[in-house]
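The task is simple: from the sequences and hints, build the whole structure.
Here is what each chain is made of, one letter per residue.
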Amino acid sequence: MKLAFLPWLILFLPLLAAAWIMLFTRANRCRSAALSISAVVLGFVGTLTFVGANGFHPVQPEVSVTWLAVGGLDIAFGLRLDALSLLMMLVVTGVGGAIHIYSWGYMEEDRCFSRYFASLSLFTFSMLGVVLANNFLQMFIFWELVGVSSYLLIGFWYERASAADAAKKAFLTNRVGDFGFLLGILTFWGLAGSLNFEAIKEWMDNGIGFGSTDPIIVQSGLTLAGLLVFCGAMGKSAQFPLHVWLPDAMEGPTPVSALIHAATMVAAGVYMLSRTFFIYTPDALSVIAWVGGFTALLAAVVAVQQNDIKRILAYSTLSQLGYMVMAVGVYAPSAGMFHLVTHAFFKALLFLGAGSVIHALHHEQDIWRMGGLRRRMPVTFWTFMVGTLALAGVWPFSGFFSKDSILATAQHHSPALFVLGAAVAALTTFYMFRLVFVAFLGPERTSEASHAHESPWVMTWPLRLLATFSLIGGVLGIEGLLTGFYDPVGSEHPNGLAAQVFYPFAHAPVAASVGLASVAAGFLAAHWLYRNVAEDPLPARIGALSRWMRNKFYFDELYEATVIRLQDTAATVIDWFDRWLVAGAAVRGTAGVTRLVGQALRLVQTGSLQTYTFLFVLGVAIVLFAVLGR
Amino acid sequence: MNLALISHEILLLLLGVGVLLADLWLPAARKRSLGYVAAGGVGIILLVSLLGLLPGTVGADPTAHAFGRMFVLDDLALFFKRFFLIATLIVLLMTVEFADRVPAGIAEYYSLILFAASGMLFAASANDFVLLFVSLELITVTFYVLTGFARSRTESLEASVKYLIMGALSSAFLVYGIALVYGMTGAFNFQDLAAVDAPHLEDPIFLFGLLFVFVGLGFKIAAVPFQMWAPDVYQGAPTPTTAFLAVGSKAAGVVLLLRVLFTAVPAVAAEWAPVIAVVASLTMLYGNLCALPQTNLKRLLGYSSIAHAGYLLLGVASLTQSGQAAVLFYLGGYLFTVLAAFMVAAAVLRETGAEDIESLRGLYHRSPLLATGLTFSMVSLAGIPPLVGFFGKFLLIQAALAAAAAAPILYAAVGVAIVGVVVSLCYYFGVIRAIYWRTDSTGHPLTPSMTARLTVGACLAGIVILGIFPSGLWESARQAVATLSLN
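Taken in order, these protein sequences are the chains called A and B. Each residue of the first sequence is one higher than the one before, starting from 20 at the first, in this note's numbering. Each residue of the second sequence is one higher than the one before, starting from 726 at the first, in this note's numbering.
By construction, these hints were calculated from the structure, which means they are not laboratory data. We put the CB at the ideal spot given by N, CA and C, even for glycine. Hints may be right or wrong, so weigh each one.
Unchecked claim - Covered by chain A, according to a simulated footprint, are these stretches of chain B (three or more residues, beta-carbon under 8 Å):
#: 1; region: 838-849
#: 2; region: 929-938
#: 3; region: 950-956
#: 4; region: 1009-1023
#: 5; region: 1189-1199
As the list claims (entries may be wrong) - For each label pair, taking beta carbons as the anchor points, the in silico distance ranges come out as:
#: 6; chain 1: A; residue 1: A88; chain 2: B; residue 2: A920; range: 29 to 39 Å
#: 7; chain 1: A; residue 1: A619; chain 2: B; residue 2: P1170; range: 57 to 67 Å
#: 8; chain 1: A; residue 1: S83; chain 2: B; residue 2: A1130; range: 31 to 41 Å
#: 9; chain 1: B; residue 1: R794; chain 2: A; residue 2: L42; range: 50 to 60 Å
#: 10; chain 1: B; residue 1: P1170; chain 2: A; residue 2: G611; range: 35 to 45 Å
#: 11; chain 1: A; residue 1: Q629; chain 2: B; residue 2: C1151; range: 30 to 40 Å
Structure (structure tokens):
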């Protein structure tokens, strides 16, 4: 393998940048931003170079170094380099790079500019670590680092109570999922005796050492272990019932929302599922598929009645993540990853577009206080339109291809999920065009909206770049690469451009036409309801349902009343126990006794030489007696 | 006889004599910078040794003997020689920093450090009771002078007298023990002793003599019950002396202990392992408990060094290769950790003259680098990952547990070690609390000299890098102990 050092460099450059910024360039805004941006851009260039030299399928897909070998304990640090991880690295560094650059403009006036870029670099490092990990343990460590850095970024404006709360909520909800993940990892360690993905795969294939020969026990044990691992993905990728943190995480700066809650962090769960696809039994997969499908539907319904531009996008992210998880559940991790990549393009684009709007309107986020922005911000509008069309799944935008490949497999495996997917597609188009009609078209509703200006070039160029990829992302050959990765023999995917553009219609005409019909239905409904209206007509039409949707089906309140109430009660009891028994009796008691013994022993140390010599000789006598006096 | 084998020692002695002679001609104002010359010389010796340019440093003959098998140059000796050279280098730089508190004769101070270092280098190669005694005396006698060097301070003189008398007492035990062993076996040489060690297992006079030898060595490493001198001497001696005592003198005791136990009397070592485990436990307990109420930083480090002697003995008591390798690894990390602490102590306390932990108040605001150096040192001493102190303790405890199936008393010793670690957190973090949380400092900002900054930076790098990449040191430690007859 050529250039084997490059992946190490790509992984550690952002960490170096983060450390360097925090230690040395905190006062120099320009240098901090430049360091952070160049780390990620170099990562992108490096990945391209590596792929150029070795292709997407390097001869030797793993590089590892032994970090420590003591006795039987052998800890290796390894990188996995195959089509899956290389593609994901391109997404993380490419989309991440665009967002880094955009941040320079967006965060220009912030007081803690350098801290922002340091956290961003730390996040990039952690995310690359998850992508490159070749074993569960390493992945878990970076997985937690992703959690920490997202905590830092969501709570970036920690002076605001809502941001601090959102950061805590995100971190704690993720911890719930990670607890299951860790249990799953430990189960696999106990069963397979190794955490290396390749070794676990081999163990699964051989089927030896399951601890039991009864196939039912083996299958249910493996299903349980797989679902425990899936818990981790449920936390990071915000699947029902752990989805509650993601909309609140919009409290962070908008580029952070784009980076973490659209393009990369939430994708970690889907990536992990795709990486470990071989461990899931059919039962586990059907649970995964239904959790994903339900999340997709639930989030899409909630998104219809949100008024905050970032929250609409947040629920849309939830919904699309549900799609990806569903794809993994219907035996199509390649389709899920494909959608992950295209979604990274257009969702980052949409968030950055929203950020551009928010920036122009001095942090106004309510779409009913916007309007008419098409004329004031043409670049933002047109790129946002591209993102919308791609998200809706309009042919030939990238979203169409990835959504179609999910629908096509769903049709094949589970008709019920296929219908659900089509309904979500219609809802997606509906709420996105509601957003476009209200925020960008129609009359200006406030004076801020009528005085908005286009954002600076450092913000619009990343938009243009991402818009280009949102348009052409479906025909770059990503799908062929992924299907080839999962099924090297049986995949036959067209290579020519024209063939790729029309491939869905030739391959699965039903799925493609149903998908397009859903888009048309959603668009017509949005046009009928929201073209040139002054206020939302839906609450009057559907009444109580609208209130439920606006309040996210009261999940927060439900958790407040059950989980949090229960936890608070338990915490009160444990607090009493800790305060009086552990801290009071045990710790203070032990510490007091220890300190007393220390004080007493100190008395021996009188400083008098005669005492010392006496004790020395006494010591010799005692040792002599102990050894020889038996 | 092969003089080439003792090239390390010859070069070091020449350097010491050179410094002493240069002192005659240099004007008084320039004498302080002689320390840089000495440090540079040690650095060059270290470098040529590491590059394998010195005779015998690349494995032509792994067990090359000189002086009628008194002197051996194997991997263990080389490991410790390099260890002592690094320690000497840092201590010399610390001395330059400290020089304005030594009233007169700073050049002598430098050359005495070099002579003590050459004693340590000889000790690393001792293969015979005679060389053991001579090198140990070279170290100890030099340290009597180094301890009392701040002649104007009564604490320094008091420490020196105490060290002299206690040291003389322990030397008497040591030489009496050697005489008894020689009387019973007729052998000084370790290999000769190993041949007759098993038949003498039941001979009380032989064992009596050996026990006295261990009393002498136990005194050097400050193990209970021979630890009484340590706190007073650590507190009273000039800071560079204390640092050298804590690192160099202790390591010399350890290497001699390993040699005697595992090359001269392996059968007795196997018999006495439980005793060593008990001594280790008592030492850990005593050091950690006594450190709790301390308010003087150097005295606290004195007790902490007793506790660390206990951890080292825990590794020795495991009687395995990996246990001894862990001892060497632990010492390697301890070198950087303790020298960082003393370097900061020398730089900060010079300002105030006081040595109370209280005088570290608000150090973070006065000098972030020194504060970071001392913090990392304390955290590493407490054994918190990912610093080197954690790995040292991890390896020691792992080795002890692996050997515990054969000697159940090691389970108890490991339990004591863990309790000791918990207790030690309390006093180490007391220092950190003073640095960061006590902001009522009246001190002005502190700008340490370039030497101090570089030294603290190098120690910090050692603490962090050896913690994150422990493999290199671990491998060379394993290679070094391969010469001991262990399983």
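Comparing the hints with the structure gives:
no., hint, in the structure
1, 838-849, "violated (count 0)"
2, 929-938, "holds (count 5)"
3, 950-956, "holds (count 5)"
4, 1009-1023, "holds (count 6)"
5, 1189-1199, "holds (count 4)"
6, A/A88 x B/A920: 29 to 39 Å, "holds, 35 Å"
7, A/A619 x B/P1170: 57 to 67 Å, "violated, 41 Å"
8, A/S83 x B/A1130: 31 to 41 Å, "holds, 32 Å"
9, B/R794 x A/L42: 50 to 60 Å, "holds, 53 Å"
10, B/P1170 x A/G611: 35 to 45 Å, "holds, 39 Å"
11, A/Q629 x B/C1151: 30 to 40 Å, "holds, 32 Å"
The structure is inconsistent with the numbered hints 1, 7, although it conforms to all the rest.
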